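Residue numbers (the numbering used here), protein chains in the order written: chain C, 13 to 339; chain H, 13 to 339; chain U, 13 to 339.
Just so you know, these hints were derived from the structure itself, not from any lab.
These numbers were taken from a predicted model, which means no experiment stands behind them.
There may be inaccurate statements among the hints.
What the hints assert, rightly or not - A few chain C residues facing chain U, derived, Cβ under 10 Å: (1) F67; (2) S68; (3) S69; (4) L90; (5) T102; (6) L110; (7) K186; (8) F318; (9) D319.
Cβ atoms here follow ideal geometry from the backbone N, Cα and C, with glycine treated the same way.
Residue-level listing of the chains:
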Amino acid sequence: MKTKFYGKHFLNTQDWKKEELETVLSLALDLKEKFALNEQTPYLLHKTLYLLFFFSSMRTRTSFEAAMDQLGGNSHDLAAESLQLSHGDTPKEVGRILSSYGHGIAIRHCDWRVGNKYINEVAVNSSVPVFNMQCDVYHPFQAMADLMTILEKKETLKDKKIVMSWAYASSYTKPISVPQSFLLLLSQFGVDVTLAYPEEFKLMPEIMEQVAENNKQVGGKLAITHNIGEAFADADVVYPKSWGPLVTTSDPEKGKQIINKYKNWICDAPKMKLAKKDCIYLHCLPADRGVEVTDEVIDGPQSAVFDQAENRLHVQKAILALTMGGK
Amino acid sequence: MKTKFYGKHFLNTQDWKKEELETVLSLALDLKEKFALNEQTPYLLHKTLYLLFFFSSMRTRTSFEAAMDQLGGNSHDLAAESLQLSHGDTPKEVGRILSSYGHGIAIRHCDWRVGNKYINEVAVNSSVPVFNMQCDVYHPFQAMADLMTILEKKETLKDKKIVMSWAYASSYTKPISVPQSFLLLLSQFGVDVTLAYPEEFKLMPEIMEQVAENNKQVGGKLAITHNIGEAFADADVVYPKSWGPLVTTSDPEKGKQIINKYKNWICDAPKMKLAKKDCIYLHCLPADRGVEVTDEVIDGPQSAVFDQAENRLHVQKAILALTMGGK
Amino acid sequence: MKTKFYGKHFLNTQDWKKEELETVLSLALDLKEKFALNEQTPYLLHKTLYLLFFFSSMRTRTSFEAAMDQLGGNSHDLAAESLQLSHGDTPKEVGRILSSYGHGIAIRHCDWRVGNKYINEVAVNSSVPVFNMQCDVYHPFQAMADLMTILEKKETLKDKKIVMSWAYASSYTKPISVPQSFLLLLSQFGVDVTLAYPEEFKLMPEIMEQVAENNKQVGGKLAITHNIGEAFADADVVYPKSWGPLVTTSDPEKGKQIINKYKNWICDAPKMKLAKKDCIYLHCLPADRGVEVTDEVIDGPQSAVFDQAENRLHVQKAILALTMGGK
């Protein structure tokens, strides 16, 4: 267990050591139990977290709000358009000024090739922790909630077949950050993962290299397939989720044409039958019902999507309490 | 006095027993006194209430925010358009996910034939209390504040002439929920009420049936008139308020034509002179000044509109504290 | 030191005595120290401050939010357009109703010839303190932060050359409230100030008369020049900031033509060289970089703009705690 977290940014899981992430998961479980007991956890009493949204959100926003409430602090939702962020304030000014007022700055900025850069610029200029609530590259809080859910449901990650798969959805803009952060985190933990996608939906090469590097060091393995049936076969965990062919093309029209070639990549009952009987279905929500996944699967007994959503709350409380909580 | 409230939804007053509503009114008075004394009432310390607005509001929003503050908790204003509620999240997901994060969900959704249905769907899927901040059918918190104000001003409801009347206003969209919830609540308390409206402005038949059923059981009486002067004669309480001819027509153009036939249904000094000298004037605000009511009346000594507005705060604190406060 | 502040509005510094403002500055320093020590200051525990924005803001909003958090209370950001403020609720109703729910009302309303009038109307109708977060005439919290920063950097105001100067910026709408409140406050403290502007940018005559009256009573002096170089010569503090030629013309097109005559009124390194070596550069932000000021100056060692921004937080906490904190 690590104990020195105060002032640490949480921009992606890769910047944190495995032991640090394990401390987070352990604390998250503890906070979840206290929540069930209605026990107070005011680790951030009267402290301030700013939530900067360049892209709106239901789960992300409401889970961060509840997290700060339960830690005894306050959060403030700053929609970029309602501030003067567009005319005048640079990331430097946002970082310098907000960190002189509050105790943490959480940012969601998903614009391709822009979001991550922006968050990093704020972080460099901030004297308090900066949190990545999702960017064009990473979604580290989601990955932590995903891992926590798998651990709760499966107890061990050893000898489990864990599948991250692309799924069909008609919208082009679905972000690539979810699979990327999932793969990175699991490779940090030395877990074997199967990644399935039609060829045009490859992930960013620098992420794949980092996953390979992690696997080399910690001992995990990544299997890649372009056949969703092969991926689902005997799986313990499936996480079928749409993302855009961003690495292949930046032309939305061309992107749409590519996507529409793969309408059969829906997660339905026949595909779930290929997996183990106790295989769980994951999705970060919102899902395109009837397109990405059938109601039967997402509302069925194998679905763990609401556990996943709830765990967002607890991993976030753990990370906020550890990094914003010191003197 | 009732004591088991934890986890109870408050979707309309009809679902609550008279004794339960009496407990609410008694607690509201107690909380109002403590507020005057600047005494702390942290019954919901560090707890979270989500406020979902499909229709914006001044009184409703600010009174719920202050209510949670004074109870030691937090509220978060979620405007439907700023979330992803339109593309992706169903009422089921809203109920499941928000109730896994927070301790209460309050919703305002006034769309005709849609709002009440939505709120009920969220409630069915929520593990924490759901509150109706106004829908197309009901406005139960307003009715509780109305009743509290009458009780404060008149001490007893016995042998009082209480009048709910339609009033002229040029906008078609004024909701029907206020008179409906008022009539329902007063019939639960066995109070005699006079209802006045031009024929095209009848209330929903299912509401009128419930009022009749309540009156049969508890002993109150409902008198209906289409003559506003007759209604105001010797009244102790008048509540003249515009609503749309929604039950008669769903065509806005036709609705407007109907409304414009009744410009003389304004609450003015001559009409107030028909009532008792100490008759009080109620309105849930905002009022269309010069159209629904003259400045002379709404700003005059008989007006109790600011008491009514303030009492929103205290009845809401009572209901939130009772339902969200347990373990 | 003064001790009776409860219930006092803070609409401009002129309404407060010098001793009262000194108490604020002294408390602000104390609260800043406690903030550095991470010591709790819950003077407004569970109290409510409403923030009414008719004009959005980054610094103002986030600093008031953090201020209330650190005082143990809550704030609620009410954007005028998201409420029903436009259709129905008068300033009277806003004052009466919000003051029956919460413990303070802060308003930002910068519309020329409208904002100050609106804030005063709310104040007259409010039973709790009303705070001017900037109007068309005044920006009193900014002026207090400006003064606090000068005192921190220069220790004494005696025999210092303090310069408020107009600066070039391409937008017409920059408010005149900042120089006006700065001049007023410094004249209340008997400080000598040099005011520099091109002739068309004179301040409101009633403000200039009040400054002259203050100077007569307390002993300060105001020097006016239309030459920026003359103003900067041997200065200890420079505060070059754009504002519109509002007193000269209300025609935006004509205003723009006037502004564009003075592109050389930029604060750059050569101008800073005219001042004393330890002269500090002030700006209330956001600055038009490359237009109002060069990056070299605003990011350089003489710039105190981030201290100024941070001090907003501490003077606001002081004023809120003093006025909202009693019984």
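Evaluated hints:
Evaluation of the C/F67 hint against chain U yields a violated restraint, the C-beta minimum of about 18 Å exceeding 10 Å. Violation of the interface hint for C/S68 is found here, the shortest Cβ-Cβ separation to chain U being roughly 14 Å, above the 10 Å cut-off. Interface hint status for C/S69: violated, as the beta-carbon distance to the closest one in chain U is roughly 18 Å, over 10 Å. Checking C/L90 against chain U: minimum C-beta separation of about 7 Å stays under 10 Å; hint holds.
Hint status for C/T102 relative to chain U: holds, with the closest Cβ pair at about 8 Å, below 10 Å. Proximity of C/L110 to chain U holds as hinted, the smallest CB-CB distance being about 6 Å (cut-off 10 Å). Interface restraint check for C/K186: the shortest CB-CB distance to chain U comes to about 29 Å, outside 10 Å, so the restraint is violated. Because the closest C-beta pair between C/F318 and chain U is about 30 Å apart, greater than 10 Å, the hint is violated.
About 31 Å separates the beta-carbon of C/D319 from the nearest beta-carbon of chain U, more than 10 Å, and the hint is not met.
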